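Line by line, the protein sequences are chains A and B.
With the numbering used here applied, the first sequence corresponds to residues 422 to 577, in that order.
With the numbering used here applied, the second sequence corresponds to residues 422 to 577, in that order.
Source of the hints: derived by calculation from the structure; they are not laboratory data.
These numbers come from a predicted model, not from an experiment.
Glycine is no exception: its CB is placed at the ideal position from the N, C-alpha and C atoms.
Just to be clear, a hint being listed does not mean it is correct.
Distance windows between CB atoms, simulated [said to hold, decoys possible]:
no., chain 1, residue 1, chain 2, residue 2, range
1, A, G574, B, E427, 41 to 47 Å
2, B, D491, A, G469, 20 to 26 Å
3, B, D491, A, R493, 18 to 24 Å
4, B, T560, A, E503, 30 to 36 Å
5, A, R493, B, G528, 32 to 38 Å
6, A, D491, B, G574, 35 to 41 Å
7, B, D529, A, E543, 44 to 50 Å
8, A, R510, B, R482, 54 to 60 Å
9, B, G528, A, L516, 50 to 56 Å
To give an idea of the chain A side of the interface with chain B (calculated C-beta under 8 Å), a few residues [claimed, not checked]:
no., residue
10, L454
11, L481
12, S497
Here is how the chains run, residue by residue.
Number of protein chains: 2
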Amino acid sequence: MAGGVEIERKFLVDAIPEGLEWLDERALRQGYLALDGDTEVRVRDDAGAWRLTVKHGGGLRRVEEDIEIDARRGASLWELTEGRRVEKRRHRLALGAAMLEVDVFEGDLQGLVVAEVEFDGEDAARAFSPPGWFGREVTDDGAYKNRALAVQGRPT
Amino acid sequence: MAGGVEIERKFLVDAIPEGLEWLDERALRQGYLALDGDTEVRVRDDAGAWRLTVKHGGGLRRVEEDIEIDARRGASLWELTEGRRVEKRRHRLALGAAMLEVDVFEGDLQGLVVAEVEFDGEDAARAFSPPGWFGREVTDDGAYKNRALAVQGRPT
Chain A
422 MAGGVEIERK FLVDAIPEGL EWLDERALRQ GYLALDGDTE VRVRDDAGAW RLTVKHGGGL
482 RRVEEDIEID ARRGASLWEL TEGRRVEKRR HRLALGAAML EVDVFEGDLQ GLVVAEVEFD
542 GEDAARAFSP PGWFGREVTD DGAYKNRALA VQGRPT
Chain B
422 MAGGVEIERK FLVDAIPEGL EWLDERALRQ GYLALDGDTE VRVRDDAGAW RLTVKHGGGL
482 RRVEEDIEID ARRGASLWEL TEGRRVEKRR HRLALGAAML EVDVFEGDLQ GLVVAEVEFD
542 GEDAARAFSP PGWFGREVTD DGAYKNRALA VQGRPT
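Chain A on its own, in the form it takes in the complex (with noise of 0.2 Å):
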């Protein structure tokens, strides 16, 4: 968000409540192929355009370069992310001023839907009142990540 900093909230949602007005709704998966070190390379695929990612953090150091990629090499780089996966159905929904993003996971990782709520700014994350549907905040529990995710499965 240019000039402003980013800031979102992660909760558990236990069921989806019925009635809501998505959006819309897409499908995305990443999985990792190489996680070497403070370097991970990744491959996406958000509802039919891939994405080949090398990311390192760490240190001073921090790069990320997202490479654009056909579908044929994406299919191919996928099949050697077998059990380091993400896979989801995404669907956005207006939440007051605030723009709600629900992830229902499939795949390994099935059962498990986290929200994600995106703000403009600090005050607007720290004033949100989060809706009776969501469970537990796990903005900070590392093991929601999406590599954690994919690495280790869902949490216990």
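Given chain A, work out where chain B should sit, using these hints.
Relative to chain A, chain B alone:
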């Protein structure tokens, strides 16, 4: 080589003789971004043309995907390969009917010179008589493969 079996033989070179007429010469470098089990991810700069390659070998499944990337991304990713690089100048020479490549290594591998000869088939490879300035043959020596040179350095 379409329809044929490409065979290479590789030799160490102690000193390149004077007066050889190179066909051409170019700078080549490659570095390893991630090594994870049977999967390797490397970035390669062939005279200014950058490629990212994901290679998986082992067992029944072999995959190699080669992706062109722009020079900005190439340089950014190159920074992540420190300590796992192979840098060389490749000289090409016609040697009778065969094509000879002489790689003069630089950087951490400075001092190493390797000649590779490529043949159309096994008969030609067996019949090849190395010129006097070729040293020990290292065709089957794993320590002279790119990945080993990058990770372990010059064999002692």
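Evaluated hints:
A hinted range of 41 to 47 Å holds for the C-beta pair G574 (chain A) and E427 (chain B), which are about 43 Å apart. Look at D491 (chain B) against G469 (chain A): about 23 Å separates their beta carbons, and that is inside 20 to 26 Å. The given range of 18 to 24 Å is respected by D491 (chain B) and R493 (chain A), whose C-beta atoms sit roughly 21 Å from each other. In this structure, T560 (chain B) and E503 (chain A) meet the distance hint of 30 to 36 Å, their C-beta atoms being roughly 34 Å apart.
A C-beta distance of roughly 35 Å is found between R493 (chain A) and G528 (chain B), which places it inside the suggested range of 32 to 38 Å. Range check, D491 (chain A) to G574 (chain B): Cβ separation about 37 Å, and the 35 to 41 Å hint holds. Between D529 (chain B) and E543 (chain A) the beta carbons are some 46 Å apart, a value that agrees with the proposed interval 44 to 50 Å. The given range of 54 to 60 Å is broken by R510 (chain A) and R482 (chain B), whose C-beta atoms sit roughly 28 Å from each other.
For G528 (chain B) paired with L516 (chain A), a C-beta distance near 54 Å keeps the hint of 50 to 56 Å intact. Among the interface hints, the one on L454 (chain A) holds; its C-beta lies about 6 Å from the nearest C-beta in chain B, closer than the 8 Å criterion. A least Cβ separation of about 12 Å between L481 (chain A) and chain B goes past the 8 Å threshold, and the interface hint is therefore violated. Residue-level restraint check for S497 (chain A) holds (minimum Cβ-Cβ distance to chain B is 6 Å; threshold 8 Å).
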